[in-house]
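Taking the hints into account, I'd like the entire structure generated from these sequences.
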Amino acid sequence: MSLFEICQWIQNSSIGTGIRESTYVFPLIEATHVLGLAVSVGTIAIVDLRLIGAALTKEPVTDVIEQLQPWTLWGFTVQFVSGIFLFWSEAARLYPSYSYRAKFVFIFLLGINALLFHTTIYKSVDKWNDDVMTPMRARMAGWIGITFWAAVIFFGRWTAYNLK
Amino acid sequence: MLEFIKWCNETWVSQVIRDSTYIFPVVEVFHLFGLTLLLGIVTVVDLRILGFGMRRQSISQVAGALAPWGVGAALLTIVTGILLFLSEATKCYTNQAFPWKMWFLLAGIVLYLLTHRGITSPDSKMSPAVMKVVALLTMILWYGVAVAGRAIAFV
Numbered sequence: 000m001s002l003f004e005i006c007q008w009i010q011n012s013s014i015g016t017g018i019r020e021s022t023y024v025f026p027l028i029e030a031t032h033v034l035g036l037a038v039s040v041g042t043i044a045i046v047d048l049r050l051i052g053a054a055l056t057k058e059p060v061t062d063v064i065e066q067l068q069p070w071t072l073w074g075f076t077v078q079f080v081s082g083i084f085l086f087w088s089e090a091a092r093l094y095p096s097y098s099y100r101a102k103f104v105f106i107f108l109l110g111i112n113a114l115l116f117h118t119t120i121y122k123s124v125d126k127w128n129d130d131v132m133t134p135m136r137a138r139m140a141g142w143i144g145i146t147f148w149a150a151v152i153f154f155g156r157w158t159a160y161n162l163k
Numbered sequence: 000m001l002e003f004i005k006w007c008n009e010t011w012v013s014q015v016i017r018d019s020t021y022i023f024p025v026v027e028v029f030h031l032f033g034l035t036l037l038l039g040i041v042t043v044v045d046l047r048i049l050g051f052g053m054r055r056q057s058i059s060q061v062a063g064a065l066a067p068w069g070v071g072a073a074l075l076t077i078v079t080g081i082l083l084f085l086s087e088a089t090k091c092y093t094n095q096a097f098p099w100k101m102w103f104l105l106a107g108i109v110l111y112l113l114t115h116r117g118i119t120s121p122d123s124k125m126s127p128a129v130m131k132v133v134a135l136l137t138m139i140l141w142y143g144v145a146v147a148g149r150a151i152a153f154v
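Chains as they are written, first to last, in numbering that gives the first Met the number 0: chain A, 0 to 163; chain B, 0 to 154.
Bear in mind the hints are in silico, worked out from the structure with no lab data behind them. Hints may be right or wrong, so weigh each one.
[Claimed, not checked] Interface residues of chain A toward chain B, partial, derived using beta-carbon atoms under 10 angstroms: (1) L34; (2) S39; (3) A90; (4) G155.
The model shown is predicted, which means the values in this text are computed figures rather than measured ones. All residues carry an ideal CB built from backbone N, CA and C; glycine is no exception.
So, in structure tokens, the structure goes:
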């Protein structure tokens with residue numbers, strides 16, 4: 000079975016069909032996904048703004064990251080779960096969309112960005128925790144975060160215009 | 000009001016956006032950027048007031064540092080919102096969800112203007128209880144704007 004055929008099977012499943020043809024369920028899940036942007040991307044954007052030295056600059060970096068992280072993670076959990084249901088309902092339509100694929104390329108790269116940040120430069124945060132101008136690698140991680148999440152939002156919205 | 004809607008439809012901005020395939024979606028994406036940052040800031044500040052999240056910092060520290068960004072994000076969202084409205088004024092005028100969105104927005108702005116000094120000031124006279132009510136109201140109003148905005152496409 001090809002990946003596309005698997006997507007067709009997913010889309011045609013009773014749950015997929017149920018969501019897609021519902022009056023309220025799809026709009027509710029979709030609204031959750033858009034509003035979930037606030038808690039997921041919105042909070043990580045604040046972290047990124049601290050890393051690039053633009054906001055909350057009087058506060059230690061660890062204070063911003065540690066205190067917001069649980070909320071960001073819950074936000075992304077909501078995005079992931081709502082996203083799975085949205086995909087479930089239109090898997091075959093979404094699969095060929097370049098916009099949809101680009102969205103996930105950027106999400107993947109953002110994951111790498113976060114992993115690299117946390118395993119390298121962040122390890123030495125005690126040395127630059129109170130700096131407004133953080134080390135280059137921390138600033139890069141912040142800028143990549145901001146621009147790549149903007150790309151995810153862009154491709155997410157653009158997907159609707161890129162469907163057959 | 001109908002006269003105003005007709006006038007909106009006839010503006011140069013409205014026609015340019017309607018004639019273009021890409022301008023509306025691009026403006027809409029910037030509208031999404033603005034609302035993501037705005038709601039994120041509203042959430043972080045109001046959660047702090049309610050006792051969650053950035054508790055190592057004082058309310059005035061968190062609110063004071065993020066308020067300018069929140070205002071900037073709101074401006075981006077409102078300016079792009081005006082452009083979107085101009086390009087489909089009639090649809091907004093006849094849509095059931097749109098008035099709700101506008102009333103929530105107006106209430107949110109008024110609430111901010113009335114309370115932001117009390118919340119960002121380090122020696123504020125505002126009681127914690129009042130601050131918490133303001134925080135709850137703020138979240139309800141601004142998330143209400145977003146929900147009503149999303150509902151436009153569905154009602």
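Going through the hints against the structure:
1. The interface hint given for L34 of chain A holds, since its Cβ lies 6 angstroms from the closest Cβ of chain B, which is under the 10 angstroms cut-off.
2. Proximity of S39 of chain A to chain B holds as hinted, the smallest CB-CB distance being about 9 angstroms (cut-off 10 angstroms).
3. Given the 10 angstroms rule on beta carbons, the hint for A90 of chain A is violated: about 22 angstroms separates it from the nearest Cβ of chain B.
4. The beta carbon of G155 of chain A comes within 8 angstroms of a beta carbon in chain B, closer than 10 angstroms, and the hint placing it at the interface holds.
Hint violations for this structure: number 3 only, all remaining hints satisfied.
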